[in-house]
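Heads up: the sequence lines are chains G and P, in that order. Counting along the first sequence from 1, when you hit position 253 you're at 249 in this note's numbering, and nothing is skipped either side. Counting along the second sequence from 1, when you hit position 466 you're at 462 in this note's numbering, and nothing is skipped either side.
These are calculated hints, taken from the structure and not from any lab test. Keep in mind that a hint or two might mislead.
The list treats identical chains as interchangeable, and a pair is accepted whether it falls inside one copy or across any two copies.
As the list claims (entries may be wrong) - Subject to a maximum C-alpha distance of 30 angstroms in a straight line, what follows is the list of computed DSS-like cross-link-like pairs (lysine-lysine):
{"id": "1", "residue 1": "K481", "residue 2": "K361"}
{"id": "2", "residue 1": "K249", "residue 2": "K519"}
{"id": "3", "residue 1": "K519", "residue 2": "K620"}
{"id": "4", "residue 1": "K249", "residue 2": "K24"}
{"id": "5", "residue 1": "K519", "residue 2": "K361"}
{"id": "6", "residue 1": "K361", "residue 2": "K549"}
{"id": "7", "residue 1": "K361", "residue 2": "K565"}
{"id": "8", "residue 1": "K519", "residue 2": "K252"}
{"id": "9", "residue 1": "K252", "residue 2": "K432"}
{"id": "10", "residue 1": "K620", "residue 2": "K361"}
{"id": "11", "residue 1": "K437", "residue 2": "K481"}
{"id": "12", "residue 1": "K620", "residue 2": "K565"}
{"id": "13", "residue 1": "K24", "residue 2": "K252"}
{"id": "14", "residue 1": "K481", "residue 2": "K24"}
{"id": "15", "residue 1": "K519", "residue 2": "K481"}
{"id": "16", "residue 1": "K481", "residue 2": "K549"}
{"id": "17", "residue 1": "K519", "residue 2": "K549"}
{"id": "18", "residue 1": "K432", "residue 2": "K481"}
{"id": "19", "residue 1": "K549", "residue 2": "K565"}
{"id": "20", "residue 1": "K620", "residue 2": "K549"}
Number of protein chains: 2
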Amino acid sequence: MNVTDALKRVLVGRKLASAQLGETLLPKRIALPVFASDALSSVAYAPDEIILTLSLAGVAGFVFSWQIAIVVAVVMAVVVLSYRQTVHAYPSGGGDFEVATVNLGPNAGLTVASALLVDYILTVAVSVSSGVQNAKALFPFMVGHEGIIAAVIILILMGLNLRGARESGTVFAIPTYGFMFAVLGMIVVGMVRIFVVGEPLAAPTAGFDVVGDTYYSQLTGFALIALLARAFSSGSAALTGVEAISNGVPAFKEPKSRNAATTLALLGVVAISMLTGIIALANLTGAKMVDEHAGVYFTQGGVRVTDHQETIMAQLAATVFDGFPLGFIFVIAMTMIILFLAANTAFNGFPVLSSILARHGFLPKALSTRGDRLAYSNGIILLALAAVGLVLAFNASVTALIQLYVVGVFVSFTVSQLGMLRHWTRHLATEVDPAKRRHMKRSRVINAIGLTFTGTVLIIVLASKFIYGAYLAILAMAVLFVVMKLISRHYQQVERETALSPSDVRLLPSRVHAVVLVTDLDKPAMRAVTFARASRANSLEAVTVAAEDDHTKDIRQQWEALDPGIPLKIIASPYREVVGPFVRYIKGISSGNPRDVVMVYVPELVVGHWWERLLHNQTSLLIKARLAFVRGVITAAVPYQLASSRYAIDRVVRRERAAWRHPGTGTVHSGSNQGE
Amino acid sequence: MNVTDALKRVLVGRKLASAQLGETLLPKRIALPVFASDALSSVAYAPDEIILTLSLAGVAGFVFSWQIAIVVAVVMAVVVLSYRQTVHAYPSGGGDFEVATVNLGPNAGLTVASALLVDYILTVAVSVSSGVQNAKALFPFMVGHEGIIAAVIILILMGLNLRGARESGTVFAIPTYGFMFAVLGMIVVGMVRIFVVGEPLAAPTAGFDVVGDTYYSQLTGFALIALLARAFSSGSAALTGVEAISNGVPAFKEPKSRNAATTLALLGVVAISMLTGIIALANLTGAKMVDEHAGVYFTQGGVRVTDHQETIMAQLAATVFDGFPLGFIFVIAMTMIILFLAANTAFNGFPVLSSILARHGFLPKALSTRGDRLAYSNGIILLALAAVGLVLAFNASVTALIQLYVVGVFVSFTVSQLGMLRHWTRHLATEVDPAKRRHMKRSRVINAIGLTFTGTVLIIVLASKFIYGAYLAILAMAVLFVVMKLISRHYQQVERETALSPSDVRLLPSRVHAVVLVTDLDKPAMRAVTFARASRANSLEAVTVAAEDDHTKDIRQQWEALDPGIPLKIIASPYREVVGPFVRYIKGISSGNPRDVVMVYVPELVVGHWWERLLHNQTSLLIKARLAFVRGVITAAVPYQLASSRYAIDRVVRRERAAWRHPGTGTVHSGSNQGE
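Pulled out of the complex, with its shape left as it was, chain G reads as follows (with noise of 0.2 angstroms):
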C-alpha cells in the first residue's frame, strides 16, 4: 500500500463515512472560513512581531515596517501561487507531507512531518497565546497570568476535542467570516476617517518615544540588515496556515482542484488585504509597540511608562473606534475568537497526520485509527500536553515563542515545493500532448520561483533566528525524525521476526493443563473454577499459594466443604509471597510438558472507578506479567463484574451516544447493543 492510497483512504473514508451521515461537500463560501481560519488569525499577531522587532532600533526602525510588510506580502502571494499548483497536481489532499514523500522519498516525507508536527504544537502555543494578549484588552486583570490562563484554555480546547465536539462548517464560519469583516471594516472606518473627513487619528503610544538597548540604532551596514532580516522573519509568520487548503481538497464540491484553487487565491487576497492594512493604519496612526525583554521600553515626556503594552490590533481599534465601545469591543473578541479557532484546527490536524504517520509505522500504532477514537485522542493529548509545556516555558509570551515558529512552516514549504518540481520534471518525461507540456512548464516556473522565495525566507528565518529560539525548534524536529525513524526501524524488525512459515499451521500443542489461581474463596474464584471445568481440559486443578497460614487453611477447609469438583493444591510459600511460588509452579508443570499448553484461569475484579483499579487485581497483574515470559503458557483472566463496573458501563454507552450526535470523531456509531 503506497502513501497515496493510504492518505486517500484516511481522507476519502472519512469523508464517505460521514457522507452517509447526511454531511455535504463544501462550497467555496463555506471552505473558505473551514481552512482559513489559521491563515488569517496569524494577521493578528504579524504586524505586532514586525513593529517590535523594529523597535530594538529606536522610534527611527518603525519606518521600515511598511517596507518589510509589502516583501511578507509578495512571498505570502508567491507562496498562494506555488500551492495553486499542489492543490491541482495532488487533488488527494495529502498536502505537503504527501508531495515531498511521492517525489523525494520517504526521508524528505519525514522531515516534512517533523516539521508539521512541531508546527501544530507551535500554533496552538502562539494562537492561544496571541488571543491571551488581545484579551487583555477587554479583561485587564488578565495581565501578569498569561502562562497559566493560556494553559488552561489549551486544556478547554483538549477537554472540548476529546469529547468529539466536532465543528461544523457553520461554527468556523461566523467567527471567520466576523473577523474579517471586523478588520478590513476597522482598516476602511480608519482610512476613511484620516483621508475623507481628515481627523489626525493617533494611538495611544502615538506620542511615546523609545529607549533603552537599542543597540541596532545605528542603523548601518549589517546590523541594519540583520534587524531587517528577523523584523522580516517574524513577520512571515503571517504565512502560516496557507498550506490547510492542500490538505483539504477532497472536501470541496465538484471540480474540487478548481474551487480550492479558487478558495487559496481568495484567501491570499484576503490575508495581504488585511496585514498591508494593518501596517499602514499602524504608520498612520502611530501606532506602536517595543520589544521589553531586550530592554527597550517607552517614554512619555522622559518618564518611563509602565503600563502593559496593548497589542496592536487593540490599539488600532481603540483609535478607530474612539467613540464607538462596540467597535471595539467586535474587533477585540472576534481577533479572540479566531485565534482560539485557529489552535482548534491543530487540535483536528494533528491528530490525522500522526494517524497516518502511525499507519506507516513511523509513530506508535496507539496513534492510529485502528484503536478508533481513542488513537485520535492519544494525538489529542499529547498535542495539549506539549503546548501547555510551551506556554509555560515561555509564559505565553508571543513574542518569543515567534522565534520557534516559523521555522517548521517554511521546512516544509521548501521542501514541498522542491518536490513540486520534481514532480513536473519526472511528468515531463512521459508527457507527449504540447498544451499539457506547455501547463506544465508553467507550472513548473512558478514552483521552481516558490522554491526561491521559501528557500531564502527559510535561510533568512534560520539565520536571523536561529540563537533567539530556531534553534529549538530544529533541535525538536531532529529529535522527532531520529525517534520516528526508530520507530519504524523497529516496527520492520517485529514483522520480519514474525512473519509466519507454513510450519507453524501444523505444530498443534498435544494436551492442556488447566490451573486455577484461588487467592480467597470468593464469587470470582467459583467463577473462574466452574468456567475452567467446562473447557474440559485434559487436567484440571485448583492452586492456591500458602502466603498465611490461617487463610490458607480456611480456603482449605471451605473448599472440602463446598467440594467444587477439582482438586485443590496448596503450594508452600517460605517467604509469605503469592507471586513467585505460583509463577515456578506454573514454570515447572510446563517445562514438564514442552509440547503442551498451560491454560492459567486468574480470577479478575472488573470495577467501574479509576480509583478502585488501584485497590484490586494487583497480584492477578503482576503473576500475568510474569507468565507471559513462559512458552507454552496462556493466562485467561475470568473478569467478576461488580456492582460498580455499571457506571463504566454507563460512560462508554454515553460517549457513543454523544459520538453518535457528533459524527467523524472517529468513534464507534453505534448506539444500539452496548453495554450487557
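With chain G fixed as given, assemble chain P onto it according to the hints.
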C-alpha cells in the same frame, strides 16, 4: 486475625526467614546503632532550631537556650521511661500503632498510623535537608542549590533501597558510634580547652550582633512565653526516633524486652548528653544562628554579614578543632552520614508500616507483601516522591520543615501513652498477684506522667507552630486518615459483594465457544489459533475485522492457502475500526447463548523494554478492557515472545540473584528455575 497476630507474623516471619539465611538476633551493642541513628541524628539540628528561634528576641534571647535544652532533656527522659513500659508490655514490636489499636480501637490506631506515615516522610525530608546544611561546611559549592541537592540525595537513597541493598548491623554501627564519638569527643575537648586549659574559645559568630525584625525583643509576658514555646517545640525535634526501639523488640537477643529496655535507656543517656553538651558549648563559645526568613540577621561592626550561616555543629567543630582540620572534617562527615542514615531508616519503616496497613485493608493491597518485593518498592517510591516534593517546596530549609515535623511525633506519643494507661488499667482489673499489681501500678504512674508530658508538649507544639506550618501536617494526617477509612470501607463492601453462596459452585456453563482474533496473519496469530484448536471448544472460529480492504483480502487469501483447520470469519467495519465491531460481535455470541462461555484468544507480543510496550498490543489491551465488562466472556492472552523479551527475563534473573545475595528484602529467594 487480630492486629497483634498480624504484626507478629510480619515481624517475626521476616526474622525467621532471615534467620534461615544465617542472620542472628542483635546484641545490644549492635541494636543501639541500628535503632538509634534516627533519634541521635536529630541532635544535629534540634540545637540549631532552638537557638535560631531565640534569635527573634535579639542577642538577649540566646540566654534562654540552656533552660530550653534542660526542659527538652527532661521530656526526653520521661518519654524514654514511658517507652520502656511499652517495650515490656508489647514485645511483639508493633509499637505505637499496635498499642493504640489494641487499647483504644481502630480509629486511634489509624490516627497513629496517619501520624507515623506523615512522620516518616518528614524524617526523610528533614534529615536529608539537615545533612545538606551540614555538608555545606565541607562543600561550599552547594550553597544556593540545597533543594535540588537534597532531592537528588533522596532519589539516590530510593535507588539503593529499590535495589534491595539493605544495611547489616555493621553498616549502622560504624557511623553511629563514629557520630557519638565525634560529638561527645568534641564536647569533651571543648570543655577541657575552656575549663582546664583556660583558652577563651570563641565561635565565628561570637562577635556578631543580631538585628532586624526582632519583634519579640520586649521579652515580656505573653510574647516571651510564646517565643520560648516555639523554641521548645523546635527543640523537641530531638525526641523524634525515640520510639524506634519499641518497633524492633523481636530483633533483640533474649531476654528481648529487657535488652530493648536497656538499649532504650542507653539511647536516652547518650542523646541527652549530646543535646545538653552542644547547647552548653554553644553558650560558652558564643556560637549562634539567626532566623533569616523571619527578617533577623547578623551584623558585625554595624555592617550586615551576608555569608551563608554555618550550622551550630559546624561552628563548634571549627572552634574546638581550630588547629586540627581533621577533627573538623570528622565531625561534619559523621554528622552528614548519620543524617542520611536516619533518612534511610524511614525507607525501611515506611514500607513495613504501609504493608501492615495494606494487610488490614487500610491501604491498597499493592502495598502489602503478598505481591513480593514490588509491594515494598511501591512504598519506597511513594515515600521518596513525597519527600522530594517537600524538600523542593521548602527548598530544603530545616527551619521551615521542622514546623511540620514535631506534631506527628507527639500525636503518636500521646495516643500511645493513653493506650498504655488503658492497657495497665485493663490488666489491673483481672490481675490478682499483689507483686504484679504493684509493678503494674508503678508502670501506670510512669505512663500517666508520660501522657501528661507528651500531651502538654503536643498542645504547646500545636499552639506555637500551628500557623507556621503545623497545620499542613495536621491536614495531611487528616486526609490520610479519611482516605484509609474510605479504602477500608470499599474493601469490606467488595468482600460482602463477592462472598460465596453454595449455588455458585453448582452453576456450570453448558458450552464453550472459542474465538481467535486475527488482525495480522503472523506467527503470534497462528500460535493463538493452534492453542485454541488444542482446547477442543464446542465451537471454534477465527475472526478478522475488515478495517482495510486490501489487508483483509490478503489475510483471506493467505488463510485459504495455509488452511489452518478452522473457519475465518470476516466482520464488516464501515468506520475502519477494529475494537468496536469485534466487541459487538463477541457480545452478540454471548447474549445469544447466556449459559455458555465465550473464550476469546487474543495474540500478544511479549517485549523486553518499556518503550517497546508503547509500540505494541494497543488493540489487544483495548479489546481486553472492553470485554471485561461482558458477562460470560473470558479473554485469554496468547503471548508470543519476541527475541527482545530475553532482556526482561535476564533482568528478573539478575534481580532475583541480587535478592539472594541481600536477603531480607522480601524478594523471591530462589535463583534456580528462572527464565525459561
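Looking back at the numbered hints, which does the structure fail to meet, lowest number first?
Hints 2, 8, 11, 14 and 18 not satisfied by this model.
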